[in-house]
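Chemist: Chain A is fixed; fit chain B onto it per the hints.
Line by line, the protein sequences are chains A and B.
My numbering numbers the first residue of the first sequence as 1 and each following residue consecutively.
My numbering numbers the first residue of the second sequence as 1 and each following residue consecutively.
Read the hints as simulated data drawn from the structure, not as lab findings.
A couple of the hints might just be wrong.
[What the hints assert, rightly or not] Computed list of lysine to aspartate or glutamate pairs in EDC-like fashion (alpha-carbon distance at most 16 Å, straight line):
1. K208(B) to E209(A)
2. K170(B) to E198(B)
3. K525(A) to E86(B)
4. K310(B) to E56(B)
5. K310(B) to E86(B)
6. K140(B) to E161(B)
7. K99(B) to E74(B)
8. K121(B) to E345(B)
9. K208(B) to D519(A)
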Amino acid sequence: MLLFLVASGLSLIFGVSRIVNFAHGSFYMLGAYLTATLLERLPDWSARFALAALAASAAVALLGAFVEIGLLRRVYRAPELYQLLLTFGLVLVAGDLVRYVWGTQNRSVPLPRGLAGAVTVLGRPFPAYYLLIVGLGPVIALGLWGLFYRTRWGVLLRAATADREMVSALGVDQRWLFTSVFAFGAWLAGLGGALAAPLVALTPGMDTEIVVEAFVVVVVGGMGSFGGSLLAAILIGLLQSFGILVHERASLVLVFLLMAVALIVRPWGLLGRPVVTTGARVGGAEPWRGPLSPVVGGALLAVLVLAVAAGFLPAFSLVQGTEILALALAAGSLHLLWAYGGMISFGHAAYFGLGAYGAALGLVKAGLPMAAAFALGPGVAAAAAALFALFCVRLTSIYFAMLTLAVAQIAYTVVFQWYGFTGGDNGILSVWPPGRLGAPRWYFLFALGVTAVGVAILFWITQSPLGLALRAIRDNARRAEAVGVDVHRHQWLAFLLAGAVAGLGGALYVFLKGSAFPDYLFVTKSIEPLVMILLGGVGSFLGPMVGAGVFKALDTIVTARLHYWGAVLGAILTLLVVLFPDGLLGAIRRGAR
Amino acid sequence: MTGSLRRAAAGLVLGAAIVDGTSLAASAQGPIRIGDINSYSGTGAAFTAPYRVAVEMALDEVNQKGGVLGRKLEVLFRDDKLRPDEGIKHAQELVLQEKVAFLMGTFSSAVGLAVSDFAFKQKVLFLAAEPLTDALTWQKGHRYVFRVRPNTWEQGRMLAERAAKLPYVKWANIGPDYEYGHKAWEGFWTRLKELKPEVREVSSSFPKLGAGQYVDQINKLIASGPDAVFTSLFGGDWIAFVKQAAPFGLFTGDARKFLVGILLGEPEYIDPLGRDAPQGMLVTGYPWYAIDTPAHKGFVERYGRFVAQKYPSLARYPQQGSLVGYVTAIAMTEAIRKAGTTDTENVIKALEGLRVETPIGGVTFRPSDHQSTMGAWVGLTKFDTQRGVGIMTDWEYVPGEKMLPSDEEVRKLRSGS
Numbered sequence: 001m002l003l004f005l006v007a008s009g010l011s012l013i014f015g016v017s018r019i020v021n022f023a024h025g026s027f028y029m030l031g032a033y034l035t036a037t038l039l040e041r042l043p044d045w046s047a048r049f050a051l052a053a054l055a056a057s058a059a060v061a062l063l064g065a066f067v068e069i070g071l072l073r074r075v076y077r078a079p080e081l082y083q084l085l086l087t088f089g090l091v092l093v094a095g096d097l098v099r100y101v102w103g104t105q106n107r108s109v110p111l112p113r114g115l116a117g118a119v120t121v122l123g124r125p126f127p128a129y130y131l132l133i134v135g136l137g138p139v140i141a142l143g144l145w146g147l148f149y150r151t152r153w154g155v156l157l158r159a160a161t162a163d164r165e166m167v168s169a170l171g172v173d174q175r176w177l178f179t180s181v182f183a184f185g186a187w188l189a190g191l192g193g194a195l196a197a198p199l200v201a202l203t204p205g206m207d208t209e210i211v212v213e214a215f216v217v218v219v220v221g222g223m224g225s226f227g228g229s230l231l232a233a234i235l236i237g238l239l240q241s242f243g244i245l246v247h248e249r250a251s252l253v254l255v256f257l258l259m260a261v262a263l264i265v266r267p268w269g270l271l272g273r274p275v276v277t278t279g280a281r282v283g284g285a286e287p288w289r290g291p292l293s294p295v296v297g298g299a300l301l302a303v304l305v306l307a308v309a310a311g312f313l314p315a316f317s318l319v320q321g322t323e324i325l326a327l328a329l330a331a332g333s334l335h336l337l338w339a340y341g342g343m344i345s346f347g348h349a350a351y352f353g354l355g356a357y358g359a360a361l362g363l364v365k366a367g368l369p370m371a372a373a374f375a376l377g378p379g380v381a382a383a384a385a386a387l388f389a390l391f392c393v394r395l396t397s398i399y400f401a402m403l404t405l406a407v408a409q410i411a412y413t414v415v416f417q418w419y420g421f422t423g424g425d426n427g428i429l430s431v432w433p434p435g436r437l438g439a440p441r442w443y444f445l446f447a448l449g450v451t452a453v454g455v456a457i458l459f460w461i462t463q464s465p466l467g468l469a470l471r472a473i474r475d476n477a478r479r480a481e482a483v484g485v486d487v488h489r490h491q492w493l494a495f496l497l498a499g500a501v502a503g504l505g506g507a508l509y510v511f512l513k514g515s516a517f518p519d520y521l522f523v524t525k526s527i528e529p530l531v532m533i534l535l536g537g538v539g540s541f542l543g544p545m546v547g548a549g550v551f552k553a554l555d556t557i558v559t560a561r562l563h564y565w566g567a568v569l570g571a572i573l574t575l576l577v578v579l580f581p582d583g584l585l586g587a588i589r590r591g592a593r
Numbered sequence: 001m002t003g004s005l006r007r008a009a010a011g012l013v014l015g016a017a018i019v020d021g022t023s024l025a026a027s028a029q030g031p032i033r034i035g036d037i038n039s040y041s042g043t044g045a046a047f048t049a050p051y052r053v054a055v056e057m058a059l060d061e062v063n064q065k066g067g068v069l070g071r072k073l074e075v076l077f078r079d080d081k082l083r084p085d086e087g088i089k090h091a092q093e094l095v096l097q098e099k100v101a102f103l104m105g106t107f108s109s110a111v112g113l114a115v116s117d118f119a120f121k122q123k124v125l126f127l128a129a130e131p132l133t134d135a136l137t138w139q140k141g142h143r144y145v146f147r148v149r150p151n152t153w154e155q156g157r158m159l160a161e162r163a164a165k166l167p168y169v170k171w172a173n174i175g176p177d178y179e180y181g182h183k184a185w186e187g188f189w190t191r192l193k194e195l196k197p198e199v200r201e202v203s204s205s206f207p208k209l210g211a212g213q214y215v216d217q218i219n220k221l222i223a224s225g226p227d228a229v230f231t232s233l234f235g236g237d238w239i240a241f242v243k244q245a246a247p248f249g250l251f252t253g254d255a256r257k258f259l260v261g262i263l264l265g266e267p268e269y270i271d272p273l274g275r276d277a278p279q280g281m282l283v284t285g286y287p288w289y290a291i292d293t294p295a296h297k298g299f300v301e302r303y304g305r306f307v308a309q310k311y312p313s314l315a316r317y318p319q320q321g322s323l324v325g326y327v328t329a330i331a332m333t334e335a336i337r338k339a340g341t342t343d344t345e346n347v348i349k350a351l352e353g354l355r356v357e358t359p360i361g362g363v364t365f366r367p368s369d370h371q372s373t374m375g376a377w378v379g380l381t382k383f384d385t386q387r388g389v390g391i392m393t394d395w396e397y398v399p400g401e402k403m404l405p406s407d408e409e410v411r412k413l414r415s416g417s
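Isolated chain A (complex conformation) (with noise of 0.2 Å):
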């Protein structure tokens, strides 16, 4: 129920004003944590939950309005891409925000006094305050539907839902109506995180789980329909009660799974509509149209440079210096696929991390000498990539978006569980290189090979009629279909290839690390090598590298010297979004014109 809650909340925002609300998960850490706070001071009232509830959510609500209001209406025409950042730049800010304020031990609310007890059904003792959550369901479900479908507002809600933009020629002010829902929304995440807090430990941890499983209700569900929202966070809850019973682990992986076979079999939800997206690209990037000759001379030079200057830096700096090179490759190919084949992928971390861990295996399971091994990397990588990718590309936009997140996270949670296999959690440790390369000099200069290696790829796949079939596609599919083109099957062969070099630096890190840890595939660390794109510019070539460069250089001296370099990954991201959409290169050419 509280999960439908903030579900719902989510879908609504989504419905209207067509934005992914990464931070929804933070309104409902916020509510929980205020929540807290409250029930600390006010004095020993009988009423006094329900009255911290409602303030806390109402405190959330007009900080929802506030964020929509100074942040959110700059990005309003930008691709749903950055608005998805700039949400993900508040999660970042916010989690740090409540680390900060209420400090980073586990918190515990009190169940309310006159529900503490339990309540006898079917002859089993049940908690009295679960039965109150259950029964607020309905009862919320009903306000929430009569509120959509008895008032003014309900109506131009759903109006806007379903076409925004007659909406606004017939002469509704948007943006009151925007910020509205994004306060309603966020409104429902408070209150579903105060109503919870009394059952969960309060962390900083809690609004990514939260988020997790409210976009995979969302996603199911259908965005945009709060009925959906409802069914969906039912079944989903059933699913986990039962898949529990069946198989401890499979509980996990079947929700993902369900979220995955909902966007390839019925992308739009139970009971959701097809979203029309603006379709606005997301910048793009051109092939170089010049002679080869200085580019290939350029890239020795570089090389050359680099190697040399190996031999001069400190081993850190070696071991700093190859980590970029790894996360290079690792933006580098998510960018082939995004500023080329205008497919933007939430889940490229999970080829980074198979690339990992196929090299990991190789070497510490079966045996294999290091070459053998780190080969492996990419051809895991490869693998999974073309077959996740057969069903990725039968989708677009948002929906492929969310589908290369699904399939990232089935991957992230299977090496999670696969215990006996992967070493769940503990990882696979003792992946060192052997012999001199485990020195940090020679194994930059490795590294620096195979990126060379990686990025020669990339740019040749750029130059190549592969790269010109996809810039085709990224512009108009149906265009390119016209012509002959076969959408499908290039994209696959992008998605495969760039999988592959994100594999080549999963295998890189790999080795580096000495180790690989099921957080490689995580959803966080996906959004990484879009920070660097972003960083660097979408509109270059080299952007990905450079903003790698950039982001590792930030990490190091933010980290040793702060311990909230979350928020400020945040506010740079944030801030990013809003000021420079071109990024740092192409906020140097602008001003260089």
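Modeler: Structure of chain B alone, referenced to chain A:
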């Protein structure tokens, strides 16, 4: 294109130079620097906060007496957020950039294993404080890793030996799904089955660490009809579990089950629950209020004063983390002092077999597996109306050497046979 290529290369080199420029050159006669990696945020924070305080207190005491080998002792603290990849990242930074002499700390068993692996590769001494998996010093043990706290094997056995005297036959297990959770159950169950072969496992759940939501597992557990429950949940997970399970009658009333909780008698895990802490639970813990030796009383008093001065918002009494932090820090100090140098190989030789005087008596680091003989207190929980929190009663201190395997068995475990 060439221009931006050049810019890219320059950026990379510049970035590396900036990063390098922030490193502090460790001079030969400056302070002795030790890197501490620990889980300062997340579920472990309740433990690591007092841990850090105690480490600082130990450093203070040592440095006021002139330090070690005429040099001050300095600890650099890093937060691994319970994630092994963060742990390795900090280990790399501390060893390669900050050039610390030794590594210590960690809380999560997964992070401990990862940092240990790194320490092995880099040949750096790693004095692990709290990660409890027995694999750290056995299956995955090596020359460069030592551990202070009694491991899952030892604590599991202590609990099993007492549980075997009780009439419960049908057992359920719930613990976090990572190295520690699995090993804790293994340690307990193996010994319990040895002592009481008729016991049966009726259900076993391993929810994700930090899941926070256990209603499904609680239902499954109750449905399987156990007499007793073993749990290795801790911190925030334990709090959430108690809150969610209490209305189901798991702890009080007719349907209550007997509970065994590893680590749950520690003040950091039992105090936050206040009145809600389950009573009559068999636990390992730290009854600091009842340990009467002069050494320990002095420790309690000094700790209280130190906290009141430096961290007035924290609890003024030692918790398990405080004891572990203090012992780890002075063990490190004593080892360096005995070795007469900060050279790793010599400090390792000094630490092997070293007996350290701690507030709870002498603790020795066994040469065979580098595990310390620090023991644990086993007892039952009870609510104390005076202090307003749960305390341990009917407790005994079980020294580590009583539970640890012989050198011969250790050799077999470490060689993988």
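Chemist: If a hint holds in the structure, say so; if it does not, say that too.
Modeler: The hints, checked one at a time:
1. K208(B) to E209(A): 11 Å, holds
2. K170(B) to E198(B): 9 Å, holds
3. K525(A) to E86(B): Holds, because 13 Å separates the two Cα atoms, which is no more than 16 Å.
4. K310(B) to E56(B): 10 Å, holds
5. K310(B) to E86(B): Cα-Cα ~28 Å, so violated.
6. K140(B) to E161(B): 26 Å, violated
7. K99(B) to E74(B): The given pair, whose Cα atoms are some 12 Å apart, holds under the 16 Å limit.
8. K121(B) to E345(B): The hint holds at about 14 Å.
9. K208(B) to D519(A): 13 Å, holds
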